[in-house]
Structures are given as C-alpha cells and as structure tokens.
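Chains as they are written, first to last, in this note's numbering: chain A, 1 to 381; chain B, 382 to 710; chain C, 711 to 897; chain D, 898 to 1094.
Please keep in mind that the hints were generated in silico from the structure rather than gathered at the bench.
Some hints here could point you the wrong way.
Stated by the list, open to error - For lysine-lysine, the following BS3-like pairs were computed, each having C-alpha atoms within a straight-line distance of at most 30 Å: (1) K941/D <-> K302/A; (2) K228/A <-> K773/C; (3) K891/C <-> K308/A; (4) K968/D <-> K308/A; (5) K446/B <-> K1028/D.
Unchecked claim - Here are the in silico distance ranges between beta carbons for each label pair: (6) K481/B <-> D927/D: 36 to 46 Å; (7) P295/A <-> D1013/D: 24 to 34 Å; (8) P304/A <-> D883/C: 27 to 37 Å; (9) R305/A <-> G772/C: 25 to 35 Å; (10) R61/A <-> Y682/B: 37 to 47 Å; (11) L444/B <-> N69/A: 47 to 57 Å; (12) R61/A <-> P694/B: 55 to 65 Å; (13) F909/D <-> P430/B: 53 to 63 Å; (14) R61/A <-> D883/C: 15 to 25 Å; (15) D1013/D <-> G297/A: 22 to 32 Å; (16) G297/A <-> D883/C: 51 to 61 Å.
Remember, it's a predicted structure, so these values are computed and weren't measured experimentally.
Just so it is clear, CB atoms sit at the ideal spot from N, CA and C, and this is done for glycine as well.
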Amino acid sequence: MLLEKLQSAVGAGVILPDGHETFVLNLGPQHPATHGVLRVKLTMDGEYILRAEPVPGYIHRMQEKMGENRSWSKYLPNTSRIDYLSAMTYTHAYVLVVERAAGIEVPPRAEYLRVITSELNRISSHLVWFGAFLLDLGGFTPLLYAFDDREKILDLLESVTGSRLTYCYYRFGGLCNDVDAEFLTGAREFVAYMRPRLAMYRQLVTDNIILRKRLEGIGRIDAELCRKYGATGPVIRGAGVANDVRRVEPYSVYPLLDFKIPVYSECDCMARYLVRMDEMEQSLRIVEQAIAQLPEGPVMGKVPRVVKVPAGDYYHAVEAARGRFAIRIVSDGKEIPYRIKLRTPSFSNLSLFEEASRGMMLPDALALMGSLDLVIPDIDR
Amino acid sequence: MTLPEPFRLLAYLAGVMAFVGVNAAYLVWVERKGAARFQRRPGPTEVGPAGLLQPLADAAKLLSKQLLVPPDADRTLFRVAPVLVMAPALMCLATIPFGKTLGARSLDLGLVMVFAFGSINVMAIMLGGWASRNKYAIISAARIVSQNVAYEIPMMLVVITLIMVTGTTNLQEIVEDQAGGFWKWNVFNLAANPLMPVTFVIFFICMLAETNRAPFDMAEAESELVAGAFTEYAGMGFGVFFMAEYANILVGCSLGAILFLGGWQSPFGILSGVGWFLLKLYALVFTVVWVRWTFPRTQFYGLLNLSWKILIPVSLGTLVLTCIMLKIF
Amino acid sequence: MTPTLDELNQAFLRLLTPAPALGTACEMHDATSCEGKGVSPNPAPTPPPTSAPVPPCRIVEGKTKGYHFDADLAPDQIVPAGRLLDERGFAIDAVTGVDWLAAGQMEIVYDFYHPVSVLHVVLRCRVPREGAEVPTLSEVFPGANWHERETHDFFGIRFTGHPDLSPFLLPEDADYHPLRKDFTGAA
Amino acid sequence: MKRVILEIVGGFKSLLTGMRITLQQFFKKDVTVRYPHESLKMTKRYRGHVVLLRDPETGKSLCVACKSCEKACPSDCIVVEGIKREGEKKKSVTEFELDFTRCSLCGSCVEVCPSDALGFSKDYNLASTTKAEFVKIDLVRRMEGEIAADAAHAQPQPAIPPENPPGGTSGSAAGGTPAATGIQTGSEKPAGQEGKA
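Model the full assembly from the supplied sequences, consistent with the hints where possible.
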C-alpha cells in the first residue's frame, strides 16, 4: 500500500531491467537552477540522471527573422540583445562582419576602444557567471560581491555608452562617440581595484574545500566531445584545447596585445571554473595594455550614408564571454540583409549537456550546467 | 513564593514557548540582517527601526495566506507535519538549564531526552515531504533521512565522550561540572581528552547537519529541489517549518553551549547567570549564520562521505582516547 | 595535426570528382551561386554554363569572406564530406538554412571550424525548395543534431535519418517555418 | 593516511580563511543605495527615453520635422508631423509621438537628428499601472508643458535645463494619459517615495 502510494507520487516511470523504476523530473521552465526559462526534462533513477533532455525555445524571439526586415544598421541594437551579458562582443561580431563585407575601414582608436569595452564587458559577464554559478552551488554571498564589482564596470560603460546592459555602442566604421579622460582613468582604477578582488575570490571561493570537492572530477567534458558538439569558449579551454578566436582567428587589435589563453586539461567543472577566473585576470591585462597603447584620432571612419553589403555570404566569429559567437550574413546586395545566421555559443555548449550529464547525480548535473555558463536568450535567440 | 508543581510546569511551558517563538522570529531577523552585513547591504530596514518589526510583518503576511493543500496530497499528514516539526523543539528546550535555577525541568536523562525529541524533527520533515506528493519533496525527504542517519552517529559518539567525561546525562549537572573559569569548560578540558576542541568542531558540524543548515542544507537545496520538502507548503504551514528550523538551531546551539562552553558559567569564575548562557548561545547562533553565508553547499554524497569516512572514525578515535585517558588518570 | 588548405582541397577533389553526382553539384552551383550573382530575378531554368564550370570545391579568400574553403555538395555527399572533416579534427560550427525563394531552392550551409587552427570550411548543398531533404550529419557530428532540428523548425528542411525532428525552438505544435521567405506570420 | 590528514587540515584551514574574509566584509560599509530614499544621479550620456530639446535662446523646439528619426528607428516607434508656419524658414513640429512600449532605447533617432533637436531624458524610474500611458508619449505636449512651467517659474527660479524637465522623475510625467499635459509639479511622486517621504 505504501509502496504503491510512493510510486504514484513520483509519477509513472519505466521499470529498468534491474527492477528500478524511473521517473521524470522537470527542471524548469521556471526553476532556480536554470537562470531563465530553460526546461530540462530529466529522466531519473533515484538521484541519478538517466537522460537529460533540454527543451529550449521558451523565450525565442526570432532574432534572425528580425534581421530580414530591417536595414543593416537598424539591426545593430538587436545584436546586443542576444546575449545580454556580453552585448559588446556580440555587437562587435556584427559590425566586424558587415565592415568586412562592405570594406569599411575602422580607425585604430575605435578598434582599441572596442577591445577595451569588450574586455570590460567580458569581465562583467564572467562576474555574473561567477555569482550565479556559486548560487547554483548554494553559496550566496559571492554573488553579491561579484555584483558589487560588476556595478563598477557597468558605471564605467554607462558613462560612455549611456546604457548599462544593451550598449549598442559600436557602429559600422567605428563608435558612436569617443570616450573621455574620465573613463580611461576610471578603467585604470578599476584594473587596480579588481586585482585584489580576484585574489580575494581565490581565497574565499577557489581554495574552499567544499567547492573543490564539488567541482573536481565532476562533469567531464573532454576535447573530443567539445569538437563533436562544437562547444567552445571556457568549455573547450577547460578540456585542454587552446581554442580562443582572439588567437586562432585574430581580429581587431588583439594580435597587438599580449595576453595568455588560460587552458586547463582536467576537463572537469573545476577546470572550466579556473579558466574563467584566469580569463578575468587576462582581460584586465588586455584593458591595461589597450589603454596604454590607445592612439589618438577619430573614432569613426568613412562610412557611406546607407550601408550596403555586396552580394555574397560572409562570416565572422568573435570570442564572446561564453565562447565562439559567429554571424553569417547572406546579402543580395540590397539595403536589407537577406539572411542573418547567429551562431551562439550557449546553444552549442548546451547541446552536449545530454551526453555529458548521463549517469550523473542531480547536484553534479547542476554544477555541470552552471559551469557551461548558459544565457537562455543566447540559446533561443 | 512557590507555585504548586503543575502550575509551575505550566508557567515554564508558557515561558519556553514564548522564548522559542520570539527567538525563532527574531533569529530570522538576525539571519537576514547578518546575511545583509556579510554581503554589504542593509537588509530589512523598512518595517520598524532597523527593520525590527519585519518578523511581525512576515508573520502577518504568512498568516493571511491561504493554506493550500495539493489535490493529491495526503491531507492529514500534510497538515500534521508542521506541528510535528515544531513540538519536539519545544520539548527539547524544557530540559535546557538557562541559569543556575532557571530551567523547566532538571532531568537526570536530560541529554537523552533532547536527542530523543531531536530525532522526531527529521521524521516530521520527511512526513511533510512525503505527504505533499511532489517529486522535489520526496527526493528531499529521502535525502534528509539518510543525512540525519549519517550524522546522528558521530553526534552520539561525541556526546558519549562528553558523558564519560562528566559522568552524568543531567544537563544541569554537566554545567555545574564546568565551574571555575573557562579552562574548566569541556572544550578546553584537555586533561580528559587532548582532542576536545576537535570534538567540539565535530559536534558543531553534526549540529549543522542535523538542523539542515548550510552548508548541509541538502533538504532544501533550492537550486536543485526548489524548496525541498517544503515546496508545497504555503502560508503558515511553511512559516512553521521555517520557525522550527530556527527553534532547532536554538536547541542545537544551547546544547553546544551547555556541553562544551560551560552553559551559564562565567568564563572568569566570578559571576554567572542567564546572561552568560545567552551570550554563548547567540555567539554560536551567529557562527551558524556566518557559516551559512560563507560556504557553498556540499554535494549530497560528499556530505555522507564526510560523515562516514571522516567524522565517525575521528569521533570514535576521540571516544577511545577519552576512555584510555580516563582509565589512566 | 592541423590540416592544410591544399591537402584539404585535394581530399575534397578526390571525394567530389569521381562521384556521379558531380554534374548535379556543378549545375546547382551555377544555378544561383550565392556569391556575386545572388538571386536572379528570373528564377526560370538554369542558364547553360558558358565558361569553364566552377569547381565544386575551392579555396576562397578568407580575409573578406571569413572562411577559407568552400565546397558545393550533392545531398549524398554531405555525410562523406562530414566524415572527411571529422577525420581532420574539424568541429561543427553551425548549420544554416537559406531560402532562395526566387530560385526555388533551399541552401543548407554547414560551417566547420578547426579548434586549433585558423581554417574554416563551408559546405553547401542546394536542394529544391519544396520537399527539401538532405541526410543528417548527426551520426558524424552529434552536435549537428540540434542545429539540424533548428533548421528543420525554421525552414522545413527534412534531415533524413535524424533521430528527432519535432519542433525545437518553436512551440511543440508549430506547423509553420518562420524563416522561409514566404512566411507572413503564424496563425 | 598522511595525505588524508593533510587534506583535512588544509581543507579546514580553507574554511577558516573563507570565514575570515566574510567577517572582514561584515564590518565594512554598505555598498547599496537605499533606492526610494536615495537615488543615483544619471551619467551625462544616460539614455532614457527621447525628449525634444529646445533652443536655449528662443525656447522653441529645434525640431524641423524632417522625419529622419522616424526613418532611423529600428522599432518604428516614432511618429513626427510638422507644418510650415508663416514667416518661418523651417518647418516646426506639431506632433511627436513616441511609442515607449516598443522603444528599445537604442538612440538611433538622436544620433541621426540633423538639427540636434532630440536628447535623452534622465528619467529612469518610469513606472505606471497601465500600459496605455506609454503607448503614446506626446513629446510636443510635454515640451509645451515645460515651457509653461518655465514661464511660471521664470521669476523665482533660474530656468531649468531642458534635459532635466520638472518633475522628470515621475513616470507618469512621461505622458500621463495621452491628453495630459505631461507636467508634474511635484505633488505626485513615484510610488516608492510616498511611504517614506
């Protein structure tokens, strides 16, 4: 009688060959671990996951179709709304691909400023990940510390772009406005401020035995799996492959800057965690150098009044905070794009979740999901 | 003036209930303020000075909510579980000596009684999870049982060590045994067992686990199980579970203060009284809050590993060591 | 081991040349190459090839295009080509559908990047617009599974052999394909 | 065995380090702003919703109703109408409606404006109980209200800079009902301020 009741309570499941009964557990669409409206259908055997099937699409906005009914430049604000946490890098990809196609020259100062703002944006994105990941793991306080630091970045970026999240700062051929000395001093101060903070995070979180026990050896994603699924960014760099678009397919002024690509070969959640923590340090270095090298000059190049892209298809990838973000545009020579394809890192990174989470326990699978650093609009677009 | 025994008991019962009620409510405030301070924000500020009336506002809100029972839940068990989780905590406090003469009942088997009632708490949470007919709640209930089974063992081993040192299970006598300065407190009683501070740490960890506090809050690991066993509870049903959690912390910390920190004894051996006991109690409570807002949650099997592979062997070791020490000296 | 462009070109030529489908591939490419010619206003039959046919695979100028190697395939060449890239350590980047309404064709573009080298390979395949169907690549690259599901959602291109083509990003009862050029809005 | 003990000791030490750090933070100052009681000043470039700017000399709108902004808007949320008045060289604006429910605050309209007649409002706590209030924000009427308010305040107070319209903190100031003047004289504060003011 009791057994029957328990069985009916957990829902009709499948009896496994060894007599265990499975049940389906829905993670989401509204669930504290999914940071947005993502649903993951888990088929569980007790606390073990037999199959995890992500069901995205709850906030699908048809960003790609939107590109097909507005002009090249009107699509600019959209690009910062795909992954709202690293809006700068996404806009960067879009302006780069259009500039590449239309042959627009960008003044060096603008490229440097793009790099500075992109890297600041990357740090702020990683800080959100850091806080949210710790939240997944049940640590609340680091989130608030991370947001405190992030506020400083947002203040800086707001002072130049006028916006805190969806910047829309880049334009074809440059930037919409130049930065002032205040911003540069502020950015320098931020770099000086952030370094001890990162050391503090190392002591408070990275070295913490509970965190290490939770992440080390958990959620194995190796290089082969990354390759088969197209997973990029910190996921592949945590699998020992130095894949970073900034180095592999250099763009902008990144080749002129000295920075390391953090690579860890443990393939586990800890490796991905450490990659991102190290990346923040590297981004600080990039910001520092770019400010030191920042040339004088205009921030806007010569751009035709109405941007037209010669017919053909063009592709450009950038390294966004979550990995390789690429835009493929197809033009028929008109003022309006014929097709815009957004290749987003979260989409590819999540696609391996089903395979990587097989046989894991529920809390570990959530650590794995957190370590992928998903942004749901980035999956759904 | 002395009251007849039944009235005296009633008065104490009322006193204990009031103490638990006020404390449970205000520990929520302490927790929220504490969390806010650790996170460098002000915390509740709007209701009353420094948000002091926040617990009342919360209670009013919870009371005004409809008590929903999920359609397929076991109605009786679902309703009974919050009561069952609250009552044992009250019973436990009946044996706690607050001062030299302040305590509801000085029982010879006080310590045993505390643990006997303390274990019911787990059953009640399990019942609540079970009765709500929710997958998250059932997983949570299963977790909470195995967690508590795992942590009662080292806890008991530690307490047996203590009983061997003090030679009694009467809480009042245990406190009296530690009179005469803080070096006489059990936590520093190195003569009985050089590993006494370690024993205290084990006790504290077990206490956190027994009361389902972070970093061992597997039962309501909100990123995995939403609100665990309490997912389906609304209004005051949830409120009672919430209060019971704090009541249990109160019991756990009182026990810690009594067993290891000399209860109402003053550290300098001059004055002693309720004030010292409360000070020690709240210091421990603060540490509990502090720990929660510092660490991430352990994973479930990590928690069991910690218990079975580290805490039980070590506490068994201290027990054996104490035996030897007591036999020799 | 990082592959070189020349080696890749040779391998692709070997793969594509003896294939009986070569004719089709070339024809399709000429029909409406999405480079340069775009959509001809007159979608009617393909003009006969006047000059030497464009080879089915070619090295392109990466600086302007953003990719380095481009190959036109017939549907049955997709899986062998995918295998070929898989052996050389390429990773799946994206699967893109393009609806050439005027030409009455659907183009499926596969992007591949190499994790540690700059190489970026593009495979394309054009099929008739109605009842567009190509074999799935998810056997070779499991990551193609989601990309193909998405492409099926948006364009209605069927990927034969795909394990699950149920709506993915669209609502589960969706029977429309919003990125088709003739799509005007869901009911 | 030794390794295990070292790990336990090391782990315990890491826990204590963590607790030390949080305790240090415990005694530091708050970093938050108590929003309804305090609020932040927006930066110079803050992009709020669009407002019509006035000529500092004449006090009239700079807008010539060229409709560049209408064309540049990615969301089609701007409607501009203007007429050519007798004796004036340029057209002047008679209608400037902003559909704030669709506006994405991208700033394309401000950027494209040939006569620099558009600016950003510094309002950031726009709030209302009805969506209708934001469907049509009539910027011309809002500006006229400003002029009237300026006139009223002209004697006792210095002129208020155009990008800081009076009562600009209030959401309903952005439009009220479409018929409203769009002027709040401070009698109505945002909901959050009422309780504690």
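Could one say that the CB atoms of K481/B and D927/D fall in the range 36 to 46 Å?
Check passed, 42 Å falls within 36 to 46 Å.
Taking the Cβ atom of G297/A and the Cβ atom of D883/C, is their distance within the range 51 to 61 Å?
holds (56 Å)
That 15 to 25 Å hint for R61/A and D883/C (C-beta), does it hold up?
For D883/C against R61/A, whose Cβ atoms are near 19 Å apart, the range 15 to 25 Å holds.
Would you check the hint for K446/B and K1028/D, treating anything up to 30 Å between C-alpha atoms as holding?
Given that 30 Å is the threshold and the Cα spacing comes to 29 Å, the pair holds.
Hinted pair K968/D and K308/A, Cα distance within 30 Å
This hinted pair holds, its Cα atoms lying about 17 Å apart.
CA of K228/A to CA of K773/C, is that 30 Å or under?
holds (26 Å)
Should the hint that L444/B and N69/A are 47 to 57 Å apart at their CB atoms be regarded as holding?
Holds - the Cβ-Cβ distance for L444/B and N69/A, about 54 Å, lies within 47 to 57 Å.
That 25 to 35 Å hint for R305/A and G772/C (C-beta), does it hold up?
holds (29 Å)
Hint says 24 to 34 Å; check whether the CB-CB distance for P295/A and D1013/D agrees.
holds (28 Å)
Determine whether the Cβ-Cβ distance between D1013/D and G297/A falls within the hinted range of 22 to 32 Å.
holds (24 Å)
Whether the CB-CB distance between P304/A and D883/C falls inside 27 to 37 Å:
violated (45 Å)
Can the restraint linking K941/D and K302/A be considered satisfied, given a maximum Cα separation of 30 Å?
Cα-Cα ~27 Å, so holds.
In this structure, the earlier hints numbered 8 and 13 are contradicted, and the remaining ones agree with it.
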